[in-house]
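Number of protein chains: 2
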Amino acid sequence: MKRERPLILVSNDDGITAPGIRTLVMLMKELGDVVVVAPDGPQSGMGHAITIGNTLRLYKTDVFDHWGVEAYKCSGTPADCIKLAKHHVLKDNTPDLVVSGINHGSNTSISVLYSGTMSAAIEAAIEGMPAIGFSLCDFDPDADFSHTHALVLKIARQALQNGIPKGTALNVNFPPRRDEEMKGVKICRQARAKWQEQFDERFDPNGRRYFWLAGNFVNYDKGEDNDEWAIANNWASLVPVQFDMTAHHAISEINENWSL
Amino acid sequence: MKRERPLILVSNDDGITAPGIRTLVMLMKELGDVVVVAPDGPQSGMGHAITIGNTLRLYKTDVFDHWGVEAYKCSGTPADCIKLAKHHVLKDNTPDLVVSGINHGSNTSISVLYSGTMSAAIEAAIEGMPAIGFSLCDFDPDADFSHTHALVLKIARQALQNGIPKGTALNVNFPPRRDEEMKGVKICRQARAKWQEQFDERFDPNGRRYFWLAGNFVNYDKGEDNDEWAIANNWASLVPVQFDMTAHHAISEINENWSL
Chain A
1 MKRERPLILV SNDDGITAPG IRTLVMLMKE LGDVVVVAPD GPQSGMGHAI TIGNTLRLYK
61 TDVFDHWGVE AYKCSGTPAD CIKLAKHHVL KDNTPDLVVS GINHGSNTSI SVLYSGTMSA
121 AIEAAIEGMP AIGFSLCDFD PDADFSHTHA LVLKIARQAL QNGIPKGTAL NVNFPPRRDE
181 EMKGVKICRQ ARAKWQEQFD ERFDPNGRRY FWLAGNFVNY DKGEDNDEWA IANNWASLVP
241 VQFDMTAHHA ISEINENWSL
Chain B
261 MKRERPLILV SNDDGITAPG IRTLVMLMKE LGDVVVVAPD GPQSGMGHAI TIGNTLRLYK
321 TDVFDHWGVE AYKCSGTPAD CIKLAKHHVL KDNTPDLVVS GINHGSNTSI SVLYSGTMSA
381 AIEAAIEGMP AIGFSLCDFD PDADFSHTHA LVLKIARQAL QNGIPKGTAL NVNFPPRRDE
441 EMKGVKICRQ ARAKWQEQFD ERFDPNGRRY FWLAGNFVNY DKGEDNDEWA IANNWASLVP
501 VQFDMTAHHA ISEINENWSL
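From first to last, the protein sequence lines are chains A and B. For the first sequence, position 185 matches number 185 in the working numbering, and the numbering has no gaps at all. Just add 260 to wherever you are in the second sequence, counting from 1, and you've got the working numbering.
Source of the hints: derived by calculation from the structure; they are not laboratory data. Ideal Cβ placement from N, Cα and C applies to all residues, glycine included. Wrong hints could be hidden among the right ones.
Pairwise CB distance ranges, derived in the manner of DEER restraints [said to hold, decoys possible]:
| no. | chain 1 | residue 1 | chain 2 | residue 2 | range |
| --- | --- | --- | --- | --- | --- |
| 1 | A | Pro19 | B | Asn466 | 29 to 35 Å |
| 2 | B | Tyr319 | A | Glu180 | 49 to 55 Å |
| 3 | A | Asn93 | B | Arg469 | 16 to 22 Å |
| 4 | A | Leu7 | B | Tyr470 | 22 to 28 Å |
| 5 | B | Asn476 | A | Tyr59 | 24 to 30 Å |
| 6 | B | Glu290 | A | Ala232 | 58 to 64 Å |
| 7 | A | Pro19 | B | Glu290 | 54 to 60 Å |
| 8 | A | Phe217 | B | Val323 | 32 to 38 Å |
| 9 | B | Asn422 | A | Gly223 | 41 to 47 Å |
| 10 | A | Arg3 | B | Tyr319 | 53 to 59 Å |
| 11 | B | Arg417 | A | Phe203 | 41 to 47 Å |
| 12 | B | Glu290 | A | Arg157 | 57 to 63 Å |
| 13 | B | Pro401 | A | Asn234 | 51 to 57 Å |
From chain A, some residues computed to sit far from chain B (all C-beta separations above 12 Å) [unchecked claim]:
| no. | residue |
| --- | --- |
| 14 | Met26 |
| 15 | Glu30 |
| 16 | Phe64 |
| 17 | Trp67 |
| 18 | Arg177 |
| 19 | Arg178 |
| 20 | Asp179 |
| 21 | Glu181 |
| 22 | Asp204 |
| 23 | Ala232 |
| 24 | Asn233 |
| 25 | Leu260 |
Put together the whole structure using the sequences plus the hints.
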């Protein structure tokens, strides 16, 4: 059945009340009929976690009623939200597009692995739905998203029109708002960079030790075709991400060198 | 400094008291000096989650004292365990090998994305350490691991001797114990298969609805070079897994078809 307007599913990992998802819902309303299924609280850094040993709750919420948008909050992870959306909320009504975000903070480079935002998009891609994760490289809770609006719409329109390459989801990051206007979108590869962790060691009021994860992001990649370079140079980055994690090039290497 | 015996870090996602990690520690003792840093409870399905908004606890435990093996339990995810092991427990004493498992249950195909076992191995690979995740395709809590011993040792020895291709970790799965002996190890790619979810809808004593994630694994892949085929045919599967998730082949497709 051909729909009059596309059906767009929106999720995120910062929780259903985060300003970033509000921006995304507002923009997607221009393109189609929107349904929101998002975590009931922050799920940052959840990677591709799913809830196996615990129960899941799903409640209808009125947070987007003023826009006429149906919304559900879920006690689980972003990947759980997509699974529940598909199998329970939307049932056979497959969305034409799934968008996740806009994340408060960068999901470039290796962060794609830790990202709850991207896990929602990847989960949708596994289910064969065109999916995009959007992130703003600005961790400020009051971050300004206004400079991303036009490009979010442009990218979503292109995805609705052209689809997304099979077996992939798109990881889109925007640079923080600067005085100079954003240059546009670069199709990139994931930069070779990583978090250089430090643990902040503290003691609780009972004298027991605990740790906070802390650290710096270190970029080892000298290329100009990667997402870190794009963001540093005021471009939005778009990386097609696949869920086939096989290192195909390494198969022959192991077959040649190992005795098993 | 050349060590007399290799230093081997062991972790898992089923928790430090699971039979699978006990098997792995017992086997690794034959190959080197072992340090264990593992979750204090089950962390299955945690994907590549890390603990950002909460504190982490790390306690020394005596569970492997009878073998003279130093062990720590951690309140966080498998990825947290590896980060804490590197930056706090071992410091500059980089392990020669990191092994995770043996998981109680399959991590073939798409399950690599949801797997806490593999997230420990992948986290180690990101840090440049040779790493292997081992899983037994048998969800029985009393599963028999004895048929895997010889191959776990063989694969770990090959990794210590030849290293592991740069930027990858190995995902090793064993078939359940059968009457017929396991055929050996196949170097494979990740099968194109997925979980077909169903949610089991129930009501709590207060009449409020909740869900359990359930479902069946469906294999769409007709190839004989993938991990699902190997397990079904009584081979152990070994898939090199990469943390560069870029769908490189899709970059040109988007550059050609999209107008941005």
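How the hints compare with the structure:
1. Between A:Pro19 and B:Asn466 the C-beta distance comes to about 33 Å, which sits within the given range of 29 to 35 Å.
2. Between B:Tyr319 and A:Glu180 the CB atoms are about 51 Å apart, so this pair conforms to the stated range of 49 to 55 Å.
3. Between A:Asn93 and B:Arg469 the CB atoms are about 20 Å apart, so this pair conforms to the stated range of 16 to 22 Å.
4. The hinted window of 22 to 28 Å between A:Leu7 and B:Tyr470 holds, with their beta carbons roughly 26 Å apart.
5. Range check, B:Asn476 to A:Tyr59: Cβ separation about 27 Å, and the 24 to 30 Å hint holds.
6. The hint said 58 to 64 Å for the Cβ distance between B:Glu290 and A:Ala232, and at roughly 48 Å that hint is violated.
7. For the pair A:Pro19 and B:Glu290, the beta carbons lie near 55 Å from each other, so the given range of 54 to 60 Å is met.
8. Judged by the Cβ atoms, the range 32 to 38 Å given for A:Phe217 and B:Val323 holds: they are separated by roughly 35 Å.
9. Distance hint for B:Asn422 and A:Gly223: a CB-CB separation of about 29 Å, inconsistent with the stated range 41 to 47 Å.
10. Taken as a hint, the range 53 to 59 Å holds for the pair A:Arg3 and B:Tyr319, whose Cβ atoms sit roughly 55 Å apart.
11. Hint check: B:Arg417 to A:Phe203, Cβ distance near 42 Å, so the stated range 41 to 47 Å holds.
12. In this structure the supplied range 57 to 63 Å holds for B:Glu290 paired with A:Arg157, their Cβ-Cβ distance being about 60 Å.
13. Separation of B:Pro401 from A:Asn234 is about 54 Å and conforms to the stated range, judged on CB atoms against 51 to 57 Å.
14. Its beta-carbon lying about 21 Å from the closest one in chain B, A:Met26 satisfies the requirement of being farther than 12 Å from that chain.
15. With a least beta-carbon separation of about 18 Å from chain B, A:Glu30 lies farther than 12 Å from that chain, consistent with its non-interface assignment.
16. The claim that A:Phe64 lies off the interface holds: its Cβ sits roughly 21 Å from the closest Cβ of chain B, which is beyond the 12 Å cut-off.
17. At roughly 26 Å, the least C-beta separation between A:Trp67 and chain B is larger than 12 Å, which holds for a residue marked as non-interface.
18. Every CB of chain B lies more than 12 Å from the CB of A:Arg177, the least distance being 20 Å, so the non-interface label holds.
19. Every CB of chain B is more than 12 Å from the CB of A:Arg178 (nearest about 20 Å), matching its label as outside the interface.
20. No beta-carbon of chain B comes within 12 Å of the beta-carbon of A:Asp179; the shortest separation is about 23 Å.
21. With a least CB separation of 15 Å from chain B, A:Glu181 remains clear of the 12 Å interface cut-off, as annotated.
22. A cut-off of 12 Å between C-beta atoms contradicts the statement that A:Asp204 is not in contact with chain B; the least separation is 8 Å.
23. With a cut of 12 Å on Cβ distances, A:Ala232 stays outside the contact zone with chain B, its closest approach being about 18 Å.
24. No beta-carbon of chain B is positioned within 12 Å of the beta-carbon of A:Asn233; the least distance is around 16 Å.
25. Remark: the non-interface label on A:Leu260 conflicts with the geometry, its nearest Cβ contact in chain B lying 4 Å away (cut-off 12 Å).
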